[in-house]
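K.L.:
Here the protein sequences come in this chain order: A and B. Each residue of the first sequence is one higher than the one before, starting from -16 at the first, in my numbering. Each residue of the second sequence is one higher than the one before, starting from -16 at the first, in my numbering.
Read the hints as simulated data drawn from the structure, not as lab findings. Careful, some of the hints might be misleading.
Note that identical chains are pooled: a pair holds if it fits in a single copy or bridges any two copies.
[Claimed, not checked] No farther apart than 30 Å at their CA atoms in a straight line, the calculated lysine-lysine pairs in the DSBU-like style are these: (1) Lys269 <-> Lys518; (2) Lys12 <-> Lys451; (3) Lys121 <-> Lys12; (4) Lys469 <-> Lys20; (5) Lys20 <-> Lys121; (6) Lys469 <-> Lys518; (7) Lys518 <-> Lys273; (8) Lys472 <-> Lys12; (9) Lys469 <-> Lys12; (10) Lys(-9) <-> Lys16; (11) Lys12 <-> Lys(-9); (12) Lys518 <-> Lys16; (13) Lys518 <-> Lys451; (14) Lys518 <-> Lys442; (15) Lys518 <-> Lys12.
There are 2 protein chains.
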Amino acid sequence: MSSEKRPKAIDLSHHVSDFARRYALSPLKGLQKYYGKDTIGLAGGLPSPDYFPFTSVSANILPVDAFPLTVPRASSPASASSSAFGWLWRIFGGGAGRRDDTTTRIEVPREPRPDDGGVNLAAALQYGPATGLPRLQKFMHEFTERVYAPGYDNWTTLVHTGNTDAWGRISKLLLNPGDTLLVEEWTYPSAMASARPIDARWHGVPMDNQGMRADALREILAGWDVEKSGPRPRVIYTVPVGQNPCGTTMGLERKKAIYDICVEYDLIIAEDDPYFFIQIGEFVPKSQRKAERESPAGEEVSRFIDSLVPSFLRVDTQGRVIRMDTFSKTIAPGVRLGWFTCNPLFVERLERIGETSAQNPCGLGQALVVALLTQWTFDGYIRWLRGLRTQYQHRRDFLVDCLAEEFELSPEPSITTSGGPALLCAYPRGSGSGGLLGKKARPLLSFVPPSSGMFVWVKLHFGDVPDKRDESDGSVLTPDRQFWEKLAKAGVLVGPGWIFAPALGAPPTEADRQTGYVRVSYTPSDMETTRQGIKIFAQTLREFCRV
Amino acid sequence: MSSEKRPKAIDLSHHVSDFARRYALSPLKGLQKYYGKDTIGLAGGLPSPDYFPFTSVSANILPVDAFPLTVPRASSPASASSSAFGWLWRIFGGGAGRRDDTTTRIEVPREPRPDDGGVNLAAALQYGPATGLPRLQKFMHEFTERVYAPGYDNWTTLVHTGNTDAWGRISKLLLNPGDTLLVEEWTYPSAMASARPIDARWHGVPMDNQGMRADALREILAGWDVEKSGPRPRVIYTVPVGQNPCGTTMGLERKKAIYDICVEYDLIIAEDDPYFFIQIGEFVPKSQRKAERESPAGEEVSRFIDSLVPSFLRVDTQGRVIRMDTFSKTIAPGVRLGWFTCNPLFVERLERIGETSAQNPCGLGQALVVALLTQWTFDGYIRWLRGLRTQYQHRRDFLVDCLAEEFELSPEPSITTSGGPALLCAYPRGSGSGGLLGKKARPLLSFVPPSSGMFVWVKLHFGDVPDKRDESDGSVLTPDRQFWEKLAKAGVLVGPGWIFAPALGAPPTEADRQTGYVRVSYTPSDMETTRQGIKIFAQTLREFCRV
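Work out the full structure, taking the sequences as your base and the hints as a guide.
P.N.:
Structure representation (structure tokens):
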């Protein structure tokens, strides 16, 4: 891709909000051109590095191959939950001696050295520019080129403190009061949280098994009534991979179709992609599962990158995609570090917005992450990501296997649209073959096993459970709220579906009323606990639906 | 203070901006009440701590008494610049063996332990609430009570990622478009940078040697013309200690007077106080300088706290002060950590605003700072701050001594208003006694040596230097701009006065035109370099003024 001649970004300055437009370049920036190697600086309020109490910071880190690329066959939910946990700990070197054997020590030294890219405490503990440590900048740029290969030439990157910060800044960059933001039919609450104070609205675009539907998007834009609904939307917020909460993943063709509509109607795409590297493949029932074949030596890196659904950046020839990357799911959320990739005009404004909010990310976090990546190398980091993918694949399989132990799971390919993975319907055990024509034709729940991310989006079919009154405030409790609370009282928390609804407060139809959604995550708890949670979940649901 | 009965904060909800008002409580927060010790969590998108590649993080830290409480007499600028530097390095344990002898190792372990207050990698590397690690919360609260002793009862604290983030959030909390923010006559550019995108204006309040003048504030408010200037100001942004750029410090009486006006006119005070612990006492000429007497044993902590001009919080009986504390000047800027102290209503909104911007501060930074403070203890941290104070006092003295070597410095107490420290006027060496009545009565520069902070605000008296045209764009270059550029080309950067002017772009009067300001900082460069810089500064100024 990099050898091809790529077009330049087009002028999209009309998308900058009034708020973002008013930012001025800091007058201090004007001074930077005067700084030379031998300049005597008496201008700034920087404390002397001699006064920083940390004289060195170091960490022990796992090796890049801490996690295997194949999952042992033994890890069935019934027998192996505890042994699976033990297996994990063996792999991690969880034993007292083992961990020290396999970890490496990285250090951020006090004094700068030539070509250290700012990875020293004198720089990392000092005020820094909102653009981050030089070596981190270099990493972000090279990683983006090699992994995402944007479709235009003059894209650029900018560090941020995680995708929440990133989307907060993007919403300020693009949205004016009264604007409508397009989101997926079910979406991450944070998307709405950032739009609300700006007095922007949001509108859900219907989804299928690949996430946002291109035809539905076009219909909304073509039929937009400016009189009734205000300015036509200019911004899409999307989680294209492992969508939150639905777990869907957009294929390349879908991305192209949506991008083309954005070109036609002049929209900007905010691509929030924390789960990009958790592309774990389609779910395969346990009996048919095979270990992934190893890549031929020397081809591991390119084969892995090629195996991933490309980013929206790949189809972006005009600079209308703002991609958000984060280390939260690949290193750790607590480092609060990630980066934007977009056109230079937007990056310049995002930097200004950052200068009066998060400012530069914590230097200790930056330095330790960069030291880790330097120690690992690019190829090593890819190996680490492959190991993580296997872990999450295993956890996804494990959760679905747990559900298969509690219910009779039956695929219903006829319900699936647009060629995605099949819907699985779950019937009470012993209710016969299930299926749509059987006597007990109503499934208790249904879901599509996700091929990316961390979540199973489970539709619950309650049947004919009546509404209840809340004892404390007299409000109506629909069945989904009754069930969620019953489950919580039984000691299991799942994500309540209604918090992901863009149309919060819309009265449910009768059909809606007898269904509900929960987002079940296979990542936060260890396997034994997850299995226990699914057991309680299943039992509570059976009781609730009186089957 | 804590034993007295203090009043509750009054209702100040009408000060919340429309922007801040629209934030909603995240629906996810509603789930927290269901979390018990044995709850099985399948709700969140938290990665398993097993997948964090850091298995331990540690640091070497200086001892609390790394810096002495008295400065050796030998450190005169002429002889001791290099030896002073050597002395600093001796103190720091800069020698190869020495540093390890005196530093202590702190570690953030991987596994949680009971009562560790979140100082473990499982918590620090995970998503965290915007309120920070529990032990950090505890520290901030106790520190605020002991050091600032707020004048009302239900004040509360909230972590932020440095005072830039803090003021960014406060401006969003309080300012509506069209509002006018009151600032000091010369102010920190960041204050204006955050107000600008909101479409708020700013208005400078005249200052004297104690900073913002209470009488001038009252005059502005009493005479405010709503028709002409929009809504009467509701917010003051102030740097009361070691003001940036002027270096002035407000005494308690001044703070009381300003606070009373804020009660009368219903204003909120945003107290940006990064230099609070750099209260270094009035400047004493070298010949009269004596080493500070040691505090009696057992009284060091309370004597130190009592020696500091109290915060605005001390006089706040209604909850109308939002104080910003930061670790940037006391630990290191790169940790990006600080905290708000204010009424619970404002803190709740500031937390919401933080949730969609900086989110929780970097966990590695939080954990390392808390581990450091835990190791040091409260009393130890106070000892560290006392050592820092001595360092900055020494640096301030050194800079003024350097100026005294280049110029004939003469105090002009008659020019000083309101009983603050005396103005020093600098005359060319050999021009006689200087003084207002002498032949060469015009000083080249004048300044008040600051009793706090990091800056000397130097007024330059150019005499009759003509304007010039900029060769590149034909714009008029007033003498202050000509001099600043000439100095930069000579290799010395000082803070150009005009970037601190709230009334940017106002045409200067003829008297203004022949003066200018520069902010000279004694903190970023080592002493030898500082001395060299002042030499070049003095020579450049003499040449520029042809004396």
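K.L.:
Among the hints numbered above, which are violated by the structure, and what are their numbers in rising order?
P.N.:
Checked against the structure, no hint fails, so every one of them is satisfied.
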